[in-house]
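Heads up: the sequence shown at position 355 corresponds to 355 in this note's numbering, and the numbers run straight through without jumps.
Keep in mind that the hints are not guaranteed to be accurate.
[What the hints assert, rightly or not] Computed Cβ-Cβ distance ranges for the label pairs, DEER-style:
| # | residue 1 | residue 2 | range |
| --- | --- | --- | --- |
| 1 | 442 | 389 | 19 to 25 Å |
| 2 | 304 | 209 | 25 to 31 Å |
| 3 | 84 | 316 | 39 to 45 Å |
Bear in mind the hints are in silico, worked out from the structure with no lab data behind them.
Glycine residues also receive a C-beta, built at the ideal position from the N, C-alpha and C atoms.
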Amino acid sequence: MQSSGVVLHTDKYQINMMYAHWINGTHNRKVVFEAYFRKLPFGNGYAVSAGLERIVDYIKNLRFEESDLVYLSEQEENYDPAFLEELRSMRFMGSLFSVKEGTLVFPNEPLIRVEGRMMEAQLVETALLNYMNYQTLIATKASRIKNVAGSDILMEFGTRRAQEADAALWGTRAAYLAGFDATSNMLAGKMFNIPTKGTHAHSWVQSFESEEEAFERFAQALPGQVTLLVDTYDTLNSGVPHAIALGKKLEAEGKQLSAVRLDSGDLAYLSIKTREMLDKAGLPYVKIVASNDLDEHTILSLKVQGARVDSWGVGTQLITAADQPTLGGVYKLVAREGADGDYLPTIKISGNPEKVTNPGIKDMYRLIDPETNKAIADYLCFPQEEQVPAGASLHLFNPSHPYLNKQLEKYRAESLLIPVFLNGKLVYDLPSLEEIRVYHREQLKLFWPEYLRMLNPEHYRLYMSDDVWETKNRLMKEHMKK
């Protein structure tokens with residue numbers, strides 16, 4: 001199979017719309033799109049933005065290779081050869097603004113804004129949403145698990161259950177970004193400099209005459225990191241006693257047993273009993289690792305039951321976001337170039353009120369109480385509105401709950417949409433993954449616990465300026481008359 005670049009990682013209707021614009025001479029018209037999601041995943045109180053690094057790499061390498069053009073020439077649409085020549089020299093020369101990875105984000109907030117020619121802005125939609133939706137979803141799931149696990153060590157174990165290699169790799173990155181400590185995926189470890197951890201499988205124990213021999217052989221091979229899987233035959237009557245015997249033997253040699261792993265059965269009961277046995281044997285330093293279809297709900301339940309687990313291996317439920325396997329982010333046109341070159345706000349009307357878009361090019365700010373250093377709300381306004389950066393009194397209007405209006409006098413405003421590409425040039429220095437992890441932890445500190453809790457979280461508010469709201473109402477009325 002002939003290899004190709006990333007440019008055809010798109011839906012066919014994007015190419016068809018690009019072609020139709022080219023035919024109609026509107027392909028160079030300037031437009032603005034926003035990417036956002038309408039509903040929080042998992043019933044959570046927030047989401048964690050992720051995927052920007054891959055989007056940057058995609059934009060940087062956006063070009064049609066010869067094999068791509070040959071493939072397009074063979075399509076039943078019979079594209080004009082002059083159109084394919086236009087694609088040959090096409091590069092992303094627009095601008096892209098985005099929230100930083102690790103930022104806490106909420107429904108209907110523009111996470112990414114793309115400004116550029118219709119041709120390029122239309123082309124990037126599919127891949128941009130693919131990267132943003134998946135990584136944001138997994139980062140949100142991982143952050144939920146981290147909030148429940150607290151200071152316990154979290155390991156990502158999901159590769160074999162992920163939806164193919166890309167999902168395993170970038171899902172691992174998203175999990176680490178949001179607070180996980182290590183992964184079992186060696187390629188992800190190499191690519192993203194994520195710590196790797198691993199023990200052994202049941203097959204290791206089964207491949208020897210006895211459990212004792214299997215444990216001893218493993219310790220001989222890896223004396224500095226001995227973690228033993230103790231549930232192959234009988235956890236409390238075989239596995240743990242044999243691990244203790246080896247632990248005492250290692251002590252006599254000046255070494256230590258690192259941990260035992262529980263992978264089946266009643267993890268709460270087994271971990272409590274295992275801890276008792278280890279402590280009684282004089283091995284209080286030996287940690288207990290738990291795995292087996294874990295997620296935030298199971299971990300919370302185990303903690304309530306008094307489970308004595310130090311480290312959690314989380315796989316399938318995390319990497320597949322099993323209880324909600326999609327974020328549902330969308331990419332909507334919010335402005336187009338008018339006859340005089342100015343941008344005109346555009347709106348999408350829908351019978352479903354939540355699908356009506358917020359028109360116009362908008363900036364987004366996080367309003368923070370300077371006394372408590374806690375977030376008050378997020379705020380949408382037009383760039384020409386100068387009251388937010390100036391710290392002027394703000395009228396906070398929530399269109400979903402008009403009676404919640406209030407006047408805000410004291411606040412600190414942080415701009416959330418930062419320039420990443422300007423006129424085709426990358427202007428943003430991508431932070432390291434470690435820096436993003438630190439930034440995410442700082443983001444969590446900005447919010448009161450009621451917004452972060454897993455069950456019945458308080459709703460964080462998104463307000464819009466009077467100008468944005470009036471523009472939306474005006475456009476709705478105008479289109480309803482047509």
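Practice prompt. Of all the hints given earlier, name the ones this structure violates by number, lowest first.
Written response: Of the numbered hints given earlier, the structure breaks just one, which is hint 2.
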